[in-house]
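K.L.:
Here's the letter readout for the chains.
Number of protein chains: 2
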Amino acid sequence: MENKIVITISREFGSGGRMIGESVAKKLGIEFYDRALIDLAAQNSGFSPEYISAYEQRVTSSMLFNIAVNGTYSLGLFPAESNNPDKLFVTQSNIIKDLAEKDSCVIIGRCADYVLRDAPDCLHLFIHADKELRLERIVTEYGIEKGKANAELAMRDKQRQNHYQHYTDRRWGAAKNYNATLDSGYFGIDATVQCIVDLVQNRLLAKA
Amino acid sequence: MENKIVITISREFGSGGRMIGESVAKKLGIEFYDRALIDLAAQNSGFSPEYISAYEQRVTSSMLFNIAVNGTYSLGLFPAESNNPDKLFVTQSNIIKDLAEKDSCVIIGRCADYVLRDAPDCLHLFIHADKELRLERIVTEYGIEKGKANAELAMRDKQRQNHYQHYTDRRWGAAKNYNATLDSGYFGIDATVQCIVDLVQNRLLAKA
Chain P
31 MENKIVITIS REFGSGGRMI GESVAKKLGI EFYDRALIDL AAQNSGFSPE YISAYEQRVT
91 SSMLFNIAVN GTYSLGLFPA ESNNPDKLFV TQSNIIKDLA EKDSCVIIGR CADYVLRDAP
151 DCLHLFIHAD KELRLERIVT EYGIEKGKAN AELAMRDKQR QNHYQHYTDR RWGAAKNYNA
211 TLDSGYFGID ATVQCIVDLV QNRLLAKA
Chain W
31 MENKIVITIS REFGSGGRMI GESVAKKLGI EFYDRALIDL AAQNSGFSPE YISAYEQRVT
91 SSMLFNIAVN GTYSLGLFPA ESNNPDKLFV TQSNIIKDLA EKDSCVIIGR CADYVLRDAP
151 DCLHLFIHAD KELRLERIVT EYGIEKGKAN AELAMRDKQR QNHYQHYTDR RWGAAKNYNA
211 TLDSGYFGID ATVQCIVDLV QNRLLAKA
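For the protein sequence lines, the chains are P and W, in the order given. If you read the first sequence in our numbering, its first letter stands for residue 31, the second for the next number, and so on. If you read the second sequence in our numbering, its first letter stands for residue 31, the second for the next number, and so on.
So here's chain P without its partners, still in its complex pose (with noise of 0.2 angstroms):
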């Protein structure tokens, strides 16, 4: 591309927002981060990959923690010596910066948008989708039981809330906190791909 973008995609469980992240990098030519950033994640800091893997149950689970005993819990982004969720937050955050300084990117969740929010050449999106279509995607993409679909999708989104709230102090799914949402079950999940490169194609000329 010849202009900088760089795309973060937070998303609900289920709304295809990884796929649909993926296909815009290929569609756009440009590099796409997930699983690869925790990679990155683990070689730069020593954290282990099966650490990195549970970080966002961690999390929700150290907040829980914080609030029974303490009533309360610090957004902790100075964390204490102990504190690895909070130290994996900031190593993922450096290295989501060095990312998006280099080159054009799509990166998913990790609070990108947050970390990102005073970067320039930045996208900020949200996918979300119906309920009932998620479920219906995590059983038959992701290959969920269905009779375990719906604990799995409240657990999962609430995780993801959890965390994103944790660190960031922002409402999750808040339109405010991103330059568009889409709604990938009104749309479908090609469709979406088409309007993201849209909106960034409409964002390039009117910078032009």
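Source of the hints: derived by calculation from the structure; they are not laboratory data. Wrong hints could be hidden among the right ones.
As the list makes no split between identical chains, a pair holds if one copy fits it or if it spans any two.
[Claimed, not checked] Cut-off 27 angstroms, straight-line C-alpha distance, at most; resulting in silico cross-link-like pairs (BS3-like, lysine-lysine):
id, residue 1, residue 2
1, Lys127, Lys161
2, Lys237, Lys161
3, Lys178, Lys206
4, Lys188, Lys206
5, Lys34, Lys57
6, Lys206, Lys176
7, Lys161, Lys206
No experiment lies behind these values; they were computed from the predicted model shown.
Please arrange chain W on chain P, whose structure you already have, making use of the hints.
P.N.:
Leaving out everything else, chain W in the frame of chain P:
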């Protein structure tokens, strides 16, 4: 237009949402309803135009009154005989439903996204922008005194928020209420119009 599309636009005060909606309607060659809707409501219901103009403010006042007196307020979709703001809401809702059934159009505000939540062929949008940009807009475009802009913005946003939440029991500006949301400060007015035209096209292509 060959395919029917009813576009509802909710918007923050000063985001340019009304002007954007008018341009979208012009570009698509479809009807545009804002104050015209109020006039229709006035004709059909016997409310005076002055009463309707002060409508959102009245809802807020009556809510505060109810909270002060009863410690709560009802959603009031089936209001007591004396509750005029609720009667006006029902009247306006019926008009919105009639307009949406007839033909393609753009409808601004009046909780149209909620009123038409189960209607076919709709695209529900929310337009927002950073506070600084909106403050600038309401001074230069709406002619509001610079010294009063901050208070006016806060009051109008609060009125819209209260009015929306009073009648819909939903959170104003939550991405999930809309098929798409756009930051008109980020894209600029003209590019936001083009974004919406593209969203419509992508939706119609996906449905075809």
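K.L.:
For every hint, state whether the structure bears it out.
P.N.:
Each hint tested on the structure:
In this homomeric assembly, Lys127 and Lys161 come within 27 angstroms of each other (Cα to Cα) only across copies, at 26 angstroms, whereas the closest approach inside a single copy is 33 angstroms. Within a single copy, Lys237 and Lys161 get their C-alpha atoms only as close as 36 angstroms, which misses the 27 angstroms cut-off; across copies the closest is 20 angstroms, which meets it. For a Cα distance limit of 27 angstroms, the shortest separation of Lys178 from Lys206 across copies, 23 angstroms, qualifies, whereas the shortest one inside one copy, 33 angstroms, does not. With identical chains, the CA atoms of Lys188 and Lys206 are at most 27 angstroms apart both within one copy (20 angstroms) and between copies (15 angstroms).
Within a single copy, Lys34 and Lys57 get their C-alpha atoms as close as 15 angstroms, which meets the 27 angstroms cut-off; across copies the closest is 29 angstroms, which misses it. When the C-alpha separation of Lys206 and Lys176 is checked against a cutoff of 27 angstroms, the pair qualifies only between copies, where the shortest distance is 24 angstroms, while the shortest distance within a copy is 34 angstroms. Taking the shortest alpha-carbon separations for Lys161 and Lys206, both the intra-copy value of 22 angstroms and the inter-copy value of 10 angstroms come in at or below 27 angstroms.
When held up to the earlier numbered hints, the structure conflicts with none and fits them all.
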